[in-house]
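Enquirer: Start from chain A and add chain G according to the hints.
2 protein chains.
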Amino acid sequence: MGVFEDLTGSFSKLPGIGKKSAIRIVNWLLKQDKMYVQRFAQNLSVLQDKIKPCSICGAWTEADPCPICSNPLRENNVICVVEQSQDVATIEAYGEFKGQYHVLGGLIKPLEGIGPSQLGIASLLARLKDGQVQEVIVATNPTIEGDTTALYLNKVIKEQSDIKVTRLATGIPVGGDLEYIDKRTLSLSFRGRNTF
Amino acid sequence: MGVFEDLTGSFSKLPGIGKKSAIRIVNWLLKQDKMYVQRFAQNLSVLQDKIKPCSICGAWTEADPCPICSNPLRENNVICVVEQSQDVATIEAYGEFKGQYHVLGGLIKPLEGIGPSQLGIASLLARLKDGQVQEVIVATNPTIEGDTTALYLNKVIKEQSDIKVTRLATGIPVGGDLEYIDKRTLSLSFRGRNTF
Numbered sequence: 023m024g025v026f027e028d029l030t031g032s033f034s035k036l037p038g039i040g041k042k043s044a045i046r047i048v049n050w051l052l053k054q055d056k057m058y059v060q061r062f063a064q065n066l067s068v069l070q071d072k073i074k075p076c077s078i079c080g081a082w083t084e085a086d087p088c089p090i091c092s093n094p095l096r097e098n099n100v101i102c103v104v105e106q107s108q109d110v111a112t113i114e115a116y117g118e119f120k121g122q123y124h125v126l127g128g129l130i131k132p133l134e135g136i137g138p139s140q141l142g143i144a145s146l147l148a149r150l151k152d153g154q155v156q157e158v159i160v161a162t163n164p165t166i167e168g169d170t171t172a173l174y175l176n177k178v179i180k181e182q183s184d185i186k187v188t189r190l191a192t193g194i195p196v197g198g199d200l201e202y203i204d205k206r207t208l209s210l211s212f213r214g215r216n217t218f
Numbered sequence: 023m024g025v026f027e028d029l030t031g032s033f034s035k036l037p038g039i040g041k042k043s044a045i046r047i048v049n050w051l052l053k054q055d056k057m058y059v060q061r062f063a064q065n066l067s068v069l070q071d072k073i074k075p076c077s078i079c080g081a082w083t084e085a086d087p088c089p090i091c092s093n094p095l096r097e098n099n100v101i102c103v104v105e106q107s108q109d110v111a112t113i114e115a116y117g118e119f120k121g122q123y124h125v126l127g128g129l130i131k132p133l134e135g136i137g138p139s140q141l142g143i144a145s146l147l148a149r150l151k152d153g154q155v156q157e158v159i160v161a162t163n164p165t166i167e168g169d170t171t172a173l174y175l176n177k178v179i180k181e182q183s184d185i186k187v188t189r190l191a192t193g194i195p196v197g198g199d200l201e202y203i204d205k206r207t208l209s210l211s212f213r214g215r216n217t218f
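Chain order of the listed sequences is A and G. If you want my numbering, it's the 1-based position in the first sequence plus 22. If you want my numbering, it's the 1-based position in the second sequence plus 22.
FYI, nobody ran anything at the bench for these hints, they're computed from the structure. Small disclaimer: the values here were computed from a predicted structure and weren't measured. Keep in mind that a hint or two might mislead.
It does not matter which identical chain is meant; a pair holds if it fits inside one copy or across any two.
What the hints assert, rightly or not - Think about it this way: if two alpha-carbon atoms lie no more than 27 Å apart in a straight line, the pair counts; the simulated BS3-like pairs of lysine-lysine are: (1) Lys42 - Lys186; (2) Lys53 - Lys72; (3) Lys42 - Lys180; (4) Lys131 - Lys180; (5) Lys186 - Lys120; (6) Lys53 - Lys35; (7) Lys72 - Lys41; (8) Lys151 - Lys41; (9) Lys35 - Lys186; (10) Lys151 - Lys120.
Bound conformation, chain A alone:
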């Protein structure tokens, strides 16, 4: 198999890229600046060696502990628990949360054989033992797996401490339209209604 077919095959395995897009990308790459392509290849080849999970929070990082865990200016009494490393970037981009993070690396999915032991839950419980943390904000997505994992976390944290466990609000997104909102979101937005 030639370089073209082999590289097209590698690109088409990436999430969101099909066979046709992969061919288009490789054809496009052939016409690009050599420096750009070489730097691209170089970074790709060192990626997995340079980036490892943070030994504290589990987020992907080049430096261990990660820049957030090693930042003395972050609040250390609150931990936001997320499904994956990307979620940390999403919440950081919004910029208002100043606490710590903990990455689970997945959600409890009994049908796929993923249980609590395969996720970063033991390491989270260990982090909660020194008594500094007063609140754990569970920021998993409002899906069945996200809800299951949140309930499980609440249970195991409550078993070992009296730390407050909260969950991001579910409701109608800003700019959303009642007409197009699903029943479950509407039901949860009623239950979670606020007084003025």
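Expert: Same frame as chain A, now just chain G:
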């Protein structure tokens, strides 16, 4: 800048990939098999050295001349002219054309300053001089630029020879619906109508 940001930047430059998809891809790559990522990086790094335009037809190829130009079983009395290398793969996939190809590497676009001299037109005219080719099929897309380029090719080929110059039929695609077809396609499908 770290490897993560740098690689995300490289991915987001690719056609059809935005910033968010790039982040998603790099996060995904971190969890993949090391062999796959290393092979991906290796192929990417040698791509531009190994793949060059064929000295006869201009299509990207690892071997020069390309497998089509060097295949003695292909008909050598007909040349199909296409805009880009990918179009050769598309026509080959359909599998009924058995002649030669010629890749222009673009279309005449006066507004972007691309004229005939920047395209593989001189090399096409040179190929037509030995008298073997009896027909040139212009397979540029039925767009303004594709039409302009086709008309120009017809003119310059006719100036130097009496080789037949044809163009792929424009009309209603199979499975198409008259109701949703644009006026120009409909007009061209009337003009190009066939007898039973």
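Enquirer: Now, for every hint given, state plainly whether the structure supports it.
Expert: Results for each hint:
Proximity of lysine 42 to lysine 186 under the C-alpha cut-off of 27 Å is found in neither arrangement, the shortest distances being 50 Å within a copy and 33 Å between copies. Within a single copy, lysine 53 and lysine 72 get their C-alpha atoms only as close as 29 Å, which misses the 27 Å cut-off; across copies the closest is 13 Å, which meets it. In this homomeric assembly, lysine 42 and lysine 180 never come within 27 Å of each other (Cα to Cα): the closest approach is 51 Å inside a single copy and 36 Å across copies. Taking the closest pair of Cα atoms, lysine 131 and lysine 180 come within 27 Å of each other only inside a single copy of the chain (22 Å); across copies the shortest separation is 68 Å, beyond that limit.
For the identical chains of this complex, lysine 186 and lysine 120 are intra-copy neighbours only, at 17 Å inside a copy versus 73 Å across copies, given an alpha-carbon limit of 27 Å. Proximity of lysine 53 to lysine 35 under the C-alpha cut-off of 27 Å is found in both arrangements, the shortest distances being 22 Å within a copy and 13 Å between copies. With identical chains, the CA atoms of lysine 72 and lysine 41 are at most 27 Å apart between copies only, with a shortest distance of 21 Å across copies and 29 Å within one. Taking the shortest alpha-carbon separations for lysine 151 and lysine 41, neither the intra-copy value of 49 Å nor the inter-copy value of 38 Å comes in at or below 27 Å.
With identical chains, the CA atoms of lysine 35 and lysine 186 are never at most 27 Å apart, being 42 Å at best within one copy and 44 Å at best between copies. Proximity of lysine 151 and lysine 120 under a CA criterion of 27 Å is satisfied intra-copy only: 21 Å inside one chain copy versus 73 Å between copies.
Checked against the numbered hints above, the structure violates hints 1, 3, 8, 9; every other hint is satisfied.
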